[in-house]
Structure formats: C-alpha cells, structure tokens
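Trainee: Residue-level listing of the chains:
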Amino acid sequence: MAALGAAGAPAILQTRGLTKTYAGVQANVDVDFDLPTGQIRALIGPNGAGKSTFVGMLCGRIPATRGTVMFDNKDISRLPAHRRIRLGIAYTFQITSVFTGLSVRENVALAAHRAGGTEATVTEVLARVGLSDRADQPAGDLSYGHQRILEIAMGLAQKPRLFILDEPTQGLAESEVAEFKALIRGLSGTTILLIEHNMSVVMETAQFITVLNHGAILAEGTPEQIRANPHVQAAYLGTEDA
Amino acid sequence: MDRALALHLGVIAALGLAYFVLPAYHAGNLARIMVLAIYAMGFNLAFGYTGLLSLGHALFFGAGMYGLALSMQHFGAPTLPALLIALVASALVAAVVGALALRTKGVAFMIVTLMFAQAGYLTALYFSAWTRGEEGFVLPQALRRFAGFDLSSAAGRYFAALLLFALTLLLIGAIVRAPFGRALIAIRENEPRATMLGYDVQRLKWFAIIVSGTISGLAGATYALLFGYAGASFAAVPYSILPLLYVLLGGAGTTLGPLVGTAFMIYLFDLSSSLTDAYMLIAGVVLVLLTMFLPQGMLGTLRKRALPWLP
Chain A
1 MAALGAAGAP AILQTRGLTK TYAGVQANVD VDFDLPTGQI RALIGPNGAG KSTFVGMLCG
61 RIPATRGTVM FDNKDISRLP AHRRIRLGIA YTFQITSVFT GLSVRENVAL AAHRAGGTEA
121 TVTEVLARVG LSDRADQPAG DLSYGHQRIL EIAMGLAQKP RLFILDEPTQ GLAESEVAEF
181 KALIRGLSGT TILLIEHNMS VVMETAQFIT VLNHGAILAE GTPEQIRANP HVQAAYLGTE
241 DA
Chain B
1 MDRALALHLG VIAALGLAYF VLPAYHAGNL ARIMVLAIYA MGFNLAFGYT GLLSLGHALF
61 FGAGMYGLAL SMQHFGAPTL PALLIALVAS ALVAAVVGAL ALRTKGVAFM IVTLMFAQAG
121 YLTALYFSAW TRGEEGFVLP QALRRFAGFD LSSAAGRYFA ALLLFALTLL LIGAIVRAPF
181 GRALIAIREN EPRATMLGYD VQRLKWFAII VSGTISGLAG ATYALLFGYA GASFAAVPYS
241 ILPLLYVLLG GAGTTLGPLV GTAFMIYLFD LSSSLTDAYM LIAGVVLVLL TMFLPQGMLG
301 TLRKRALPWL P
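Protein chains in written order, with our numbering: chain A, 1 to 242; chain B, 1 to 311.
In case anyone wonders, no lab produced these hints; they're calculated from the structure.
Hints are not guaranteed to be accurate.
As the list claims (entries may be wrong) - Footprint (simulated), chain B over chain A, 3 or more residues, beta carbon under 8 Å:
(1) 85-91
(2) 127-134
(3) 214-223
Unchecked claim - Anything over 12 Å on all C-beta distances counts as not near chain A; from chain B, calculated:
(4) G133
(5) R182
(6) I185
(7) A186
(8) N190
(9) P192
(10) M196
(11) Y199
(12) Y229
(13) F264
(14) D270
Stated by the list, open to error - Some, not all, of what chain B presents toward chain A, calculated at C-beta under 7 Å:
(15) D150
(16) S153
(17) G156
(18) E191
(19) L204
Yeah, the Cβ is synthetic: ideal placement off N, Cα and C, and Gly gets one too.
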C-alpha cells in the first residue's frame with residue numbers, strides 16, 4: 001500500500017519520529033515529514049533550526065539518534081549513505097565539494113557513470129548548465145559560482161528521483177541565482193528538497209514549504225500560507241510568538 | 001591507439017632494446033630497477049591513486065618473496081606454481097590487513113600498516129628454522145628456470161623482469177582508466193563527495209589494497225626468483241619506505257613515475273657511493289632538494305607544466 005503524502009500524491013520520502021541529539025542538545029526532535037513524488041519542496045528556518053542535520057539524516061551522512069526514513073516505501077534508516085544514493089537520491093553539499101583536481105567533465109562523469117549514465121549524459125548535463133566550454137578545465141580553477149553550478153550538474157547527472165540541495169544559491173551572484181531558478185523549474189518529474197535562505201528563490205520555485213524551528217516542524221503550507229503565517233514571522237523576526 | 005598506451009609500449013620496447021645497447025653492469029642494474037619498479041607501481045596504486053599512505057607494504061613484498069622462496073626451497077615447487085602461491089599469499093595477507101587497517105584513516109592508518117608489517121617481519125624471524133631469519137637463504141639454482149630459460153643468467157633475468165614489468169605497467173595503465181581506477185582517483189581527491197555520489201568507498205579502498213598488495217607480492221616473488229635470495233631484511237621497515245620514496249620522486253599518481261623514481265634512486269645511491277663513503281649524505285641532500293623543487297615528483301611536475309595528457 002502506497003503511503004500518501006500531505007498533498008495526496010504518493011510520498012517518495014517519509015520520516016517518522018526522526019531525532020538527532022548531539023551530546024544532549026537536540027538538533028531535530030521527532031520530525032514527521034512527508035514529501036510527495038514530483039513536488040518541489042523548500043525547507044526553511046532560522047540559522048540553527050536543524051535543516052542541514054535533517055537532510056543529513058535523510059541521505060545518511062549523519063546517523064539519526066532514532067526514528068525512521070522511508071524512501072519509495074522502503075525503510076532506508078539503516079542503509080549507509082552510498083546505498084541510499086544508489087536508490088536514486090542525489091545530494092549537493094552546503095559547502096562546495098567538487099573534485100578540484102579533476103576536470104569539469106570528469107567531475108560530472110564520475111556522477112553520471114556511477115548512476116548508469118553515459119558520455120552522452122555528461123555532454124547533455126554540461127550543456128544544460130552552461131559549462132560545456134569549460135569542460136576540460138580543472139574544477140579547482142572555476143570561479144566559486146561555477147563550482148556551485150558544477151555541484152548541481154553532478155546531481156543532475158545522477159538523474160535522481162529525489163534531489164536534495166543544501167543552500168545551493170549561497171554566495172551566488174544575482175544573475176546566477178536567476179539561472180538557478182530557471183534550472184530548478186525546468187526539472188520536471190524530479191522531486192526536489194531545497195534548503196534555502198534566499199526567499200525569492202523559495203517563493204518562486206517551491207510548490208510547498210516546510211518551516212523548521214528549534215529542530216521541529218513549525219509550519220507547512222503553500223508559499224502564500226507560509227508568508228501569512230504569524231508563527232513563521234515570529235520565528236524569523238525573533239519577536240514573541242503571537 | 002591512444003597516446004598513453006603508445007607511450008607505455010614505447011617504454012617497454014626501449015627497455016627491451018636497452019639490454020642490447022647497455023654494458024652488462026647497467027643491464028644488471030636495470031633488471032633490478034624493473035623489479036623494484038613493479039613494487040613501486042603496486043604501492044602507487046594505493047598511495048598515488050587512492051590516497052592511502054601505507055607504511056607497511058614490505059609485508060606484501062615479503063609475503064610474495066617468502067611465498068615463492070619457501071615453496072621452492074622446502075617443497076621443490078617449480079617456478080610457475082611457486083609464483084602462483086606467492087600471488088595468493090600476498091593477496092590473502094593484503095585482504096586481511098586491508099580489512100583491519102582500513103577501519104582507520106590518515107596517521108592511524110600509517111601506524112597500523114607499519115605495525116602489521118613489523119609483525120610480519122618478526123614472524124619471519126620467529127620461524128627462522130624455515131626462513132633462516134636475517135641471514136636468509138639462497139634459492140636452488142636448478143629450480144630458477146621457466147619454459148627452458150635459465151632465470152639466473154643475465155639475459156634470462158633481464159627479460160623475465162621486463163616481461164613482468166611490462167604486464168604490470170599495462171595492467172596499471174588499464175586499471176587507472178577503467179571505472180574502478182577513476183573511482184579510486186575520486187576517493188583520493190574527495191572521499192566524502194565520492195560517497196555521496198554512491199561509491200562504496202570502503203569496499204573500493206579494500207580492493208585497491210588487495211590489488212596493490214598482490215602487485216607488491218609479485219615484485220617480492222620476482223626479486224627472489226631472479227636474484228636467487230630471500231631474507232627477512234626485505235620485510236623490514238626500510239622496504240616499506242623505499243617504494244614511497246620511489247613514487248614521490250617519480251611522481252605519485254603517474255603510471256611511469258614509479259619506474260623513473262626507482263631508476264633515479266638506485267643510480268643516485270650507486271653513483272654517490274662510488275664517490276664517497278658518506279653517500280647517504282649526498283643522496284639525502286639530493287632527495288631534499290628534489291622534494292623542495294619538484295613536490296609532485298618528476299613526472300607529476302612534467303604533467304602539470306607541459307604534458308597534461310601524461311598517464
């Protein structure tokens with residue numbers, strides 16, 4: 001029986017009671033989260049709300065203290081990170097992490113080949129993100145913005161069913177952010193979970209938003225609902241909750 | 001045929017010709033260099049390509065050496081079966097040591113591999129009734145034959161060394177361009193990233209150690225076979241450090257760097273010891289200068305400055 005997400009579509013990802021405790025400090029507490037297949041979801045919240053810890057537990061980089069993660073109706077809570085990736089999850093790092101000593105093409109090829117892609121996949125992805133003419137440069141020679149783009153290209157080359165992006169637009173120029181928005185909107189069929197601080201990116205790309213605060217879900221809803229939510233405003237502005 | 005393969009075949013052909021051109025003394029040196037270069041190529045797969053700095057490869061070299069020499073000496077095994085025993089022995093030792101040592105990383109990995117190698121060395125000493133310890137033993141010359149060739153003759157030794165060197169070089173050349181080798185390079189460059197692309201980093205590193213250890217064992221076995229001697233000093237700490245020096249000098253993560261580094265080191269010792277008794281001093285100064293000015297080794301620097309296609 002397919003589990004149903006909040007929006008009615010079958011959930012590709014579900015968490016129940018997901019909790020992470022660091023030496024007594026609770027980074028995430030009993031997070032129950034449902035992500036329907038095909039949705040673009042933004043995960044927002046003030047600094048220290050536990051967003052990166054949460055997605056770290058989804059893709060297996062951070063072991064959960066307790067709770068379960070279901071991907072495509074399969075319990076992946078005990079799988080190591082590389083096994084989760086092989087099921088069809090791609091993850092981009094918050095702090096840029098590419099193979100700086102290898103060429104741009106080889107970076108994308110390493111991502112594509114592991115996921116069963118070919119040279120054609122690599123060429124197509126490079127063209128799509130506009131890195132074709134830099135394909136033979138060492139990734140370490142790229143500008144910061146281009147390295148972020150390369151990181152996204154590596155995710156695309158995996159042809160993931162769930163694409164988790166941890167602050168992809170951090171440090172990008174305005175024009176690059178605009179290109180990123182177009183890129184995300186053009187990814188039909190891929191479920192996307194986006195941690196983002198840039199509200200214009202969130203409001204223009206996300207179909208649904210989850211707000212984390214103090215490690216727990218504070219609110220969920222469409223961009224309009226979230227924008228109007230007094231609890232969210234309070235969390236962001238630091239005022240007393242209404 | 002691409003440039004990398006053409007270069008490898010060219011080097012092999014040049015080494016074949018060298019036997020007929022070089023004076024006997026240098027041909028003898030070159031046979032030894034080729035055998036030690038096999039060792040360095042094996043080490044390079046772990047260190048240069050995967051980023052695993054082992055200080056215990058003498059254990060694998062020694063496992064191959066004793067695998068061949070003990071089976072020849074005590075059981076009269078002919079060359080080919082003895083060589084197979086050596087390869088199986090070093091592969092098994094590498095599999096076990098790899099499985100345990102790879103639970104650690106970085107400095108701890110260096111120390112754990114060093115300790116395993118030291119344990120192997122002490123084991124060779126402990127069973128000195130069989131191994132004759134440091135003193136070692138000379139292999140019966142009658143057994144050192146293969147397909148009618150006398151491997152103790154200058155020509156037999158040279159071309160046996162060349163054959164095994166060539167096979168190893170072509171194997172390494174193929175590995176580093178295959179998906180397996182490219183994944184190893186990915187691990188060296190950025191391990192967390194490789195994991196998050198779905199690579200099973202632990203398993204790949206383990207395979208790398210097994211292949212690396214088996215090639216090192218092949219070198220140890222070849223050394224015993226061609227030079228007719230096996231002794232515990234080949235399993236001691238200096239023989240773990242030597243391939244590191246060869247590889248660093250020649251260029252870590254280059255296919256031909258191990259050969260270049262080995263040849264350079266052996267001739268450096270050879271020439272400086274003909275000048276003075278304090279040859280280690282000269283060799284040491286040269287090594288310090290080289291690592292200061294060519295931190296990526298000779299071929300690594302060449303690749304960076306002039307020949308980016310260099311394999």
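Trainee: Compare the structure with each hint and give your call.
Mentor: Results of checking the hints against the structure:
1. Check on the stretch 85-91 of chain A: 3 of its residues sit with their Cβ under 8 Å from a Cβ of chain B, so the three-residue criterion for coverage holds.
2. Closer than 8 Å: that is the beta-carbon criterion, and the stretch 127-134 of chain A has 0 residues meeting it against chain B, so the requirement of 3 is violated.
3. Counting residues of the stretch 214-223 of chain A whose C-beta lies closer than 8 Å to any C-beta of chain B gives 0; at least three are required, and the coverage claim is violated.
4. The non-interface label for G133 (chain B) is consistent with chain A: the shortest C-beta to C-beta separation is roughly 44 Å, beyond 12 Å.
5. The Cβ of R182 (chain B) does not lie farther than 12 Å from every Cβ of chain A; its closest approach is about 7 Å, which violates its non-interface assignment.
6. Residue-level check failed: I185 (chain B) sits 7 Å from the nearest beta carbon of chain A, not beyond 12 Å.
7. Interface exclusion of A186 (chain B) from chain A breaks down, the closest Cβ pair being 5 Å apart, not more than 12 Å.
8. With 12 Å as the threshold on Cβ separation, the claim that N190 (chain B) sits away from chain A is violated: the shortest Cβ distance comes to roughly 5 Å.
9. Not every Cβ of chain A is farther than 12 Å from the Cβ of P192 (chain B); the closest lies at roughly 6 Å, contradicting the non-interface assignment.
10. With a cut of 12 Å on Cβ distances, M196 (chain B) falls inside the contact zone with chain A, its closest approach being about 5 Å.
11. A beta-carbon of chain A is positioned within 12 Å of the beta-carbon of Y199 (chain B); the least distance is around 6 Å.
12. Even its closest Cβ contact with chain A, about 41 Å, leaves Y229 (chain B) beyond 12 Å, as expected for a residue assigned away from the interface.
13. Residue-level check passed: F264 (chain B) sits 25 Å from the nearest beta carbon of chain A, beyond 12 Å.
14. No beta-carbon of chain A is positioned within 12 Å of the beta-carbon of D270 (chain B); the least distance is around 35 Å.
15. With its C-beta approaching chain A no nearer than about 47 Å, D150 (chain B) sits outside the 7 Å limit, and its interface hint is violated.
16. Among the interface hints, the one on S153 (chain B) is violated; its C-beta lies about 45 Å from the nearest C-beta in chain A, farther than the 7 Å criterion.
17. The beta carbon of G156 (chain B) comes no nearer than 43 Å to any beta carbon in chain A, farther than 7 Å, and the hint placing it at the interface is violated.
18. A least Cβ separation of about 10 Å between E191 (chain B) and chain A goes past the 7 Å threshold, and the interface hint is therefore violated.
19. At about 10 Å, the closest approach between the beta carbon of L204 (chain B) and any beta carbon in chain A exceeds 7 Å, and the interface hint on this residue is violated.
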